[in-house]
Structures are given as structure tokens and as C-alpha cells.
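Enquirer: Below, each chain spelled out in residue letters.
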Amino acid sequence: MTIEKPFLLKRILAAATVLSLVLLVVMFLGISMGSTDSGVKAVFLVLLGKGTPDSILDTIIWQLRLPRVLLAALVGATLSLGGLVFQALLRNPLAEPYILGISGGSAIGAISGILMGLSRFPGVSLTAFSGSMAILVLLLVMSSGQAILKKDTLLLSGVMVNAFCAAIIMFLVSITQDARLHNIIFWLMGDLSLSDIKQVAILAAILLPCFIVIFYCSHAMNLMLLGKEMAQSMGVNIKVMMVTLLVVTSLMVSLTVSQSGLIGFVGLVIPHLLRLLIGPDHRVLVPACVLGGGAYMVFCDLLARVIPKQGEMPAGVITALIGAPLFIFLLKRFRQ
Amino acid sequence: MLLESIMKIRRFIIVLLFLMTTCFLGYAPSFARVVTDQLGRRVRLPDNPQRMVALAPSITEIIFALGQEHRLKGVTMHSDHPEAAQKLPKVGSYVRLDLEKIVALKPDLCIAVKDGNPKKVIERLEDLKIPVYAVDARNLNTVMDALREIGQILDANESAEKLIRNMRSRIQRVKTRVSKSAHMPGIFFQIGISPIVSVGTDTFIHEIIVLAGGKNLAKGPVSYPRFSREQVISLSPDILIITPMTGSAAFEKVKAQWSRWPTIPAVQKGRIHLADPNLFDRPSPRLVDALELLSRLIHPELFEEAQ
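Quick note, the sequences are listed as chains A and B, same order.
With this note's numbering as the guide, the letters of the first sequence map in order to residues 630 to 965.
With this note's numbering as the guide, the letters of the second sequence map in order to residues 498 to 804.
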């Protein structure tokens, strides 16, 4: 099981380099395409700082497209990392924040915040976090005691909690009679259109340390996949590890949900795809998920902006349209 | 002693603040006007805006009505009146504005509506150094206010006043005519088909129904209340007015649905009417057209006498 350290480092570096390149290419595409046309060369010039300052393209690239692309990368990284963590902790390939109801809980919190008229940050983010924590506590209580690691109980509770959350969201939407309804419906489908650089910076300042904490726990995640007794005998404090990982993941997910709405399937597709490509070692998978998930989300958001002739569609539509069939395909291949 | 020094410091601060404000006021460049818009924001207006973007169809109509369309460089989706507006570049719909398209048009002034355009978008435009003036056009009076405000901004005071006078006299004419009738039919104004949605008291359609001599059966605190079929039947409306967003084929379908309920007085008397949704879905100067149309539908007897 133990892999030699230098070899491991090499694998992490190799995966990170390849995926960073993919991420950079996709980010460049995301920055150079949008609802207004401009040549690739002009975009290059602006990015190199050689464009005319204060030109329209300059504003569009630095103040509209760049924050949006960065936000998409952060959201994608968080969601696929969230999926990876839940799949490891619950030892179930179907686990994902969206499916477990953690996203749904944040959405209920966030919608309540919006209806109370709170500001997007920190007001709505806080209500979203309390929503997701409430769901998490509920999940843990429902499958409490030694049953924590029994994957079916927790997953089944999660699926039911998610259905319940969906019902509450529909209830809140249907009793809302005013103009805010429009915003909520778009936001529910995943909306990245209103990102400014300050908001992205705050988000990054909270999310990046979370990524590091999860990377720090990645070896423990490997051991926990081998089973409770095995992990304990290898010196992993299971309870502490589980609570840390669950709380950190919920914090990350609720933050991204309050910023960008409900975006599903990223946490299923990316970890599975990467596991197929680079194997099950979480020490490699964690950085790979951050980079690969980011690239996937930037790509989906780009499609959401470019496909419709007028306006744009919610990014969540694209992630689900690509994600669900891909997931079914993967599932079939796993079975064979 | 201590008290005295505190007083001194306080006096000093007051003088300092006074000096600072006077300096600031004196510093403001004279070529740009700073006005307060209907959102209570201070907006620095360009002197002679040449590249305007209207962020709602109603604003487009107001600018065209003022004869200032040469200043307009962009409009929102569904800005279909007058016909010339359809040819202007579109910047998304009024609830989902495309920031990139707006920036690319390089506007020197955007006109927004207070309720409708998301506040976040307006803030983002401000961040991008694009001045946004928000008007609060939501019924006949505020449409006239918006006409006057935008007229002032665009140096078109005269045509604004002329339009307002014209609107006032047409409203008055309808009022006088309707006052001759003692009878106020109950109206169910259906703006949403599935679910059935009508209009509450705080809407311009309610205002028009009342001015046109009708009784709005859906009045109440909720602006756009939903109804079940049962509730509508029990309200027994004398007239059903339907504004389908999806064309007249949808109207025939809805009409057929209602016709299954002969207990409704409107069905008995065949008073189910189609109204052009474009007239009724935006608070533009054409609200007066809507008012005249509605009063004719509600009180056809008064118009027959007049002819």
C-alpha cells in the first residue's frame, strides 16, 4: 500500500502539471470568448498588459470575464473536492454534496437570507452555512452512534433529506410573490454572471486554506477507505477526522452555493473521471480534483455563455447535461 | 478645564468639517450635473448624453416618445415598440442584463427602472464607471414623473410637458365618460395562464381597471396573486380580460377553458376579451392607450352613445 515518497511526489507533480495546463488553456478560452466578439490576438495583448488601457475590451476582460472565470474555477474545485471527500468518508461512489442534501440545505439557508433581504456577503453566506450545518447535524444524528461509517444509512438519509430540501425550496419559491423570484429561480440553476473581483478574492481567501486542510487529511482518507478498524490501527482518529472533513467540506460547499447557486454533478463526474485516469490515491486525487474540477466548471460556464444567441443560460444546466450522461456511462464501465 | 478643551476640540472639528464640505462643493466640476435618482443614489450625469442604453422596454418607449431616440444605442429584449426600437442592439432582458454587451456599447448613461432591474447589476455598472439613473415608473403618475425626469436629463423639457399634458387630458376624458355610468362591472384580469395570475392593488393594471370604470376582483396586498380556477369561478367576474404572453392561439385555448363554466357571468354574456399584452405589461406612456382600450371593453354602452 505504501508508495515510496519520491515516486508519490513525482505522481502528484505530474498530475498537477498536466491539469494546471488544462486549467490554464480553458481559462484562456473562458477569458477570450463571450457575448461580444473580439479577436484572440487582441485578448492576448490585453492579457500581456499591452492593450490600450481603459478600452472596452480591457474593462470586459479584467472586470467582467476574469472574475467570472476565477469564480467558476473556485466553484468547480470546491464541488469536485466536496464530492471526493464525501465519497471517501462514506465509502460510496454515489455520494456528493448535491445528492446528500448539503447543497440543498445551503440553498434553503441562502433563499431565506435573500427573502430576509440580507446582503449577498456575509449575510446570505452565513445563512447558507447554517443551513448546510443543520442538514449535516441532522444527517449525523439520523445515522448516529457506531453507525456513522455504515454507508447505506447515511447515504439513504442524505437522499431523503435532499428530497425534503427540494420540497422546502419549491415551497419557498412558490410563496414568494415579488420580483425577487426571478433572481432566485436563475440562482437556483447556478448563476455566475454577477461576480466581481472583490467577492472572488474573499472566496479564495476562505477556500484555499480549506483545500490545504483537505490535502493534509488525504492520507487518512486513503486509510479510512480500507475500513474503520484498519484506519484506527494505523493511528487515524476516525471521529476527529470525520468531523473535521465534514465541517470543512460543508463550509466550502455552502460558501460556493451562496455565491453561485445549486450546481450539481461536478462532484460526481470529476472525482470519478480522475480516479479512472490516475488511480485511487487521495494524495494525488485532492490536488487533481481542485485543478480538474476548476477546469471543468470554467468550461461549462463558457458553454453557458456562448451557446445561446441571446443572453446566457444557467451554468448548472450545462453541468447536469454533460454530467448525468457521463456518469451513467462511467457507471456502466465500472460494472463491466 | 477638561470640559473647556473638549468644547474647543469640538468647535475645531465642526469648523474643519464645514471647511471640508465647502471645499468639496467648490471642487465639483461644473460641467456635470449631480442629481438624486429614484433609488436615492447620487448620479453624476453627462451634459449631453449621446450613447444611452435603456434597461427596460418601458424606458425605451419613454425615450422614443420624447423624440430622443438618436441618443439610444442599446435596448433590452422585448423592446418591440416602436418598430425602430427592434433594430437597436439588445443587451439581454431587463431582469437578466448582459453586462458585457452593455460595456461594449460604451454607454455614457444607462436608464434603469427601480423595481425590475436587479440592484446588483446597477451596482456593478457603477463599479464599471457607467452612470445609471433609475426612474420609478410603475403607474400613470410615476410614468409622467419619469417622462419629466428623463426629459430634463435629455434637454427635452418641452416635449415631456406636451406629452404629459396630452396624457392628462386623455385620462380626464375617460374619467368624465366613465363617471356617467353608475354600474361598475367586476373584472378578472388574467396575466398568467398556468398558474392563473391576476393583479393586486399595488399595480398599474389595477389603477387602469379602476379608472376605466371597473372593479378589480383580484385586488389585495399581493401584487401578482395566484388563483385557482375554483376561486375565479366563485368571484363570478362580469368580464374576463386575458393578456397571453404567447400569442392569440393561447388566448383561444384559455377562452375555451373558461367557456366550460357557464355559471361565470362573463361566459354567459360572452365577455371574454383578449388584450394586447404589450400594452399592459409595461408602465410606458402607452398606458393611456391601454386605459382607453380597457374603458371601451368595460363600458361599450358609453362609447356607442358617443358615436
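These are computed hints drawn from the structure, not numbers from a lab.
Mixed in with the good hints there might be a few duds.
[Claimed, not checked] Calculated lysine-lysine pairs in the DSBU-like style (CA-CA distance at most 35 angstroms, straight line):
1. 587/B x 938/A
2. 670/A x 611/B
3. 584/B x 670/A
4. 938/A x 616/B
5. 750/B x 670/A
6. 679/A x 598/B
7. 868/A x 617/B
8. 679/A x 611/B
9. 827/A x 616/B
10. 670/A x 617/B
11. 679/A x 750/B
12. 617/B x 679/A
13. 670/A x 603/B
14. 750/B x 827/A
15. 938/A x 598/B
16. 617/B x 677/B
17. 938/A x 712/B
18. 611/B x 938/A
19. 570/B x 670/A
20. 938/A x 617/B
21. 587/B x 827/A
22. 938/A x 766/B
23. 679/A x 603/B
24. 598/B x 670/A
Enquirer: Run every hint past the structure and note whether it holds.
Expert: Here's how the hints hold up against the structure:
1. 587/B x 938/A: Distance ~11 angstroms between residue 587/B and residue 938/A Cα, so the pair holds.
2. 670/A x 611/B: 40 angstroms, violated
3. 584/B x 670/A: 30 angstroms, holds
4. 938/A x 616/B: Answer holds: residue 938/A to residue 616/B is near 25 angstroms, not above 35 angstroms.
5. 750/B x 670/A: Distance of about 54 angstroms is beyond 35 angstroms: violated.
6. 679/A x 598/B: 23 angstroms, holds
7. 868/A x 617/B: 42 angstroms, violated
8. 679/A x 611/B: 39 angstroms, violated
9. 827/A x 616/B: 17 angstroms, holds
10. 670/A x 617/B: 32 angstroms, holds
11. 679/A x 750/B: Roughly 60 angstroms separates the two Cα atoms, so the pair is violated.
12. 617/B x 679/A: At roughly 31 angstroms apart (the allowed maximum being 35 angstroms), residue 679/A and residue 617/B satisfy the hint.
13. 670/A x 603/B: 21 angstroms, holds
14. 750/B x 827/A: 51 angstroms, violated
15. 938/A x 598/B: Holds, at roughly 12 angstroms.
16. 617/B x 677/B: Between residue 617/B and residue 677/B the Cα gap is close to 48 angstroms, so the pair fails against 35 angstroms, i.e. violated.
17. 938/A x 712/B: The hint is violated at about 43 angstroms.
18. 611/B x 938/A: Distance ~27 angstroms between residue 611/B and residue 938/A Cα, so the pair holds.
19. 570/B x 670/A: 27 angstroms, holds
20. 938/A x 617/B: This hinted pair holds, its Cα atoms lying about 24 angstroms apart.
21. 587/B x 827/A: Measuring from Cα to Cα gives roughly 28 angstroms; hence the hint holds.
22. 938/A x 766/B: 46 angstroms, violated
23. 679/A x 603/B: 21 angstroms, holds
24. 598/B x 670/A: OK: residue 598/B and residue 670/A at ~20 angstroms, within 35 angstroms.
Checked against the numbered hints given earlier, this structure breaks hints 2, 5, 7, 8, 11, 14, 16, 17, 22; the rest are met.
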